[in-house]
Amino acid sequence: MGTRAFKKTMLALAATSIVAASGAGLTDLTAQAATTVARSGNFVTNGHFDSNLDGWIGGAKTKLASSEGRDQTRGVRLTNTSASAASVMLNDRSNSVSKTVAGHTYEASAWVRSENADQSVVIKLLEEDARYAVINSTQTHQWRTDSAWKKITTTYTASRSGSSLDLHILGLNLPTTNAVVVDNVTLVDITDNASAHRPLAPLTTTKPTPTTAPKPPTTIPIPTPTPIPKPPTATPMPPTATPKPPTNPTAPAGWKLAWSDEFNGTSIDKTIWNVDNLSTYGDGNQELACLMDRPENVKTANGLLTITARKEAAPIQCGTRDSRFPNGRSYTSAMLSTKNKVDFEYGRFEISAKTPLTQGISKGLWPAFWMRPTTGGIGELDILEAIGTGKADPFSANRLVHTIHYDYVGTYPQEAKDYTLPTGTTADGFHNYAVEWAPGSIKWYVDGALSYERNLSTTSWIDRAFVTSFYLRLNMAVGGNWPGSPDADTAFPATYQVDYVRVYQR
-1 MGTRAFKKTM
9 LALAATSIVA
19 ASGAGLTDLT
29 AQAATTVARS
39 GNFVTNGHFD
49 SNLDGWIGGA
59 KTKLASSEGR
69 DQTRGVRLTN
79 TSASAASVML
89 NDRSNSVSKT
99 VAGHTYEASA
109 WVRSENADQS
119 VVIKLLEEDA
129 RYAVINSTQT
139 HQWRTDSAWK
149 KITTTYTASR
159 SGSSLDLHIL
169 GLNLPTTNAV
179 VVDNVTLVDI
189 TDNASAHRPL
199 APLTTTKPTP
209 TTAPKPPTTI
219 PIPTPTPIPK
229 PPTATPMPPT
239 ATPKPPTNPT
249 APAGWKLAWS
259 DEFNGTSIDK
269 TIWNVDNLST
279 YGDGNQELAC
289 LMDRPENVKT
299 ANGLLTITAR
309 KEAAPIQCGT
319 RDSRFPNGRS
329 YTSAMLSTKN
339 KVDFEYGRFE
349 ISAKTPLTQG
359 ISKGLWPAFW
369 MRPTTGGIGE
379 LDILEAIGTG
389 KADPFSANRL
399 VHTIHYDYVG
409 TYPQEAKDYT
419 LPTGTTADGF
429 HNYAVEWAPG
439 SIKWYVDGAL
449 SYERNLSTTS
459 WIDRAFVTSF
469 YLRLNMAVGG
479 NWPGSPDADT
489 AFPATYQVDY
499 VRVYQR
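Residues in the sequence shown are numbered from -1 upward in steps of one, following my numbering.
The set of hints was computed from the structure by calculation and includes no laboratory data. Treat each hint with caution, since some may be false.
[What the hints assert, rightly or not] FRET-style restraints, in silico, Cβ to Cβ:
1) Gly101 x Pro491: 18 to 28 Å
2) Glu310 x Ala251: 19 to 29 Å
3) Ile188 x Asp52: 21 to 31 Å
4) Asn453 x Ser82: 49 to 59 Å
5) Thr248 x Asp52: 52 to 62 Å
6) Gly263 x Pro491: 16 to 26 Å
7) Pro437 x Gly282: 23 to 33 Å
These numbers were taken from a predicted model, which means no experiment stands behind them. Every residue, glycine too, gets a C-beta built ideally from N, C-alpha and C.
Construct the complete structure from the given sequences, taking the supplied hints into account.
Rendered as structure tokens:
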């Protein structure tokens, strides 16, 4: 008997038991069941792991074990059984939602902690047909910098009625020395007036064991990146700077925090950041936005820096010398830099960020985190750059680019790596992007994984272009030679969110 048929049979047996009861008993049991549905509404079986691991299976290279959960309850501990770092997965044995309702939005959440810091975790929902073929999916990614319990949530709107929803919780590239612990897993229909579509809670606390083999496991594809070119960027000319005293987040092994902005204030700290206003910076790349210092385009709130690109209802005059758009610009965005205020020679430069580059509706958007030398001249280090796509473009919402430039006149060609995320996209949640810059060496990392490296053996000019203090830039361009112009499908306003910027040194 299939697991879905098994569940259906058990519900029928429960209903038969209710009908066989006395009149008073029928009323009591029916009221009890209705109260349970109204109180929980959770499609997940054994989401608190009170029945050990009933209802759950592990992915390839994953060991599951009952463990201490959150708030002195039970949880499940995921470890990696391979000889090196590998992704681990917790999967509901039977798809938690057996029959979706088209247009209904479902929300999955879990409390997750990593026993060691610097770990990627993901929660994912997949809509599947009767043969478990994936119709579509969504996921949220978090980069954990400590071992605390934190909630992770994702939402998905069903495209069909009668399909099912598969729930995954993953630890990406989990080292053999680390573990991920999960508790309090829920999956609910959050559509208005959706209570009628939520499952009937069982009248007993014992869950029957399925008599058939579980559904087939889901694999995590790792696509092969394909390099793409990028045009040069215009040259700013900043002077020297003095760093601000740091806060104290957990430092990666071998590093000490030298400076950071966690964006926990109610306004941008102007002792750290310059915010361009009525600026046409980017015209050298044929960019389209007027860069503004106003809350509509750049602000801090709830621990995040948000840069917003907007399509304006009426053109905005961008200063008094805008020869390209004398009648005003249709797009606005923002750029911040630490020039004159913060700079460093060598170190680890790190950002946690979420882009707006949703596939098919982000054409013309270009978020970035990059560095330039304090005294101007040669050298540009691009830590994160990515561009959006239109509906006719090939999939690239999981791609970003690392680049170094010697100069902008072609003395040496730029050197770039087009990197593809092994799972998810730059828009599905906060990813960690970092570069470690040392004499004769630059290494890029995405979510803790080495993604690109340049050194004296690959790049003879690296110690000519990168031997002085550099400052930081954060911006989101609209349009330009590389991303092209927005199209009719580009979704505005578009937000580029930054959780923190940190600099570490040895």
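Which hints, by number, does the structure contradict? Failing hints, ascending: 2, 4, 5.
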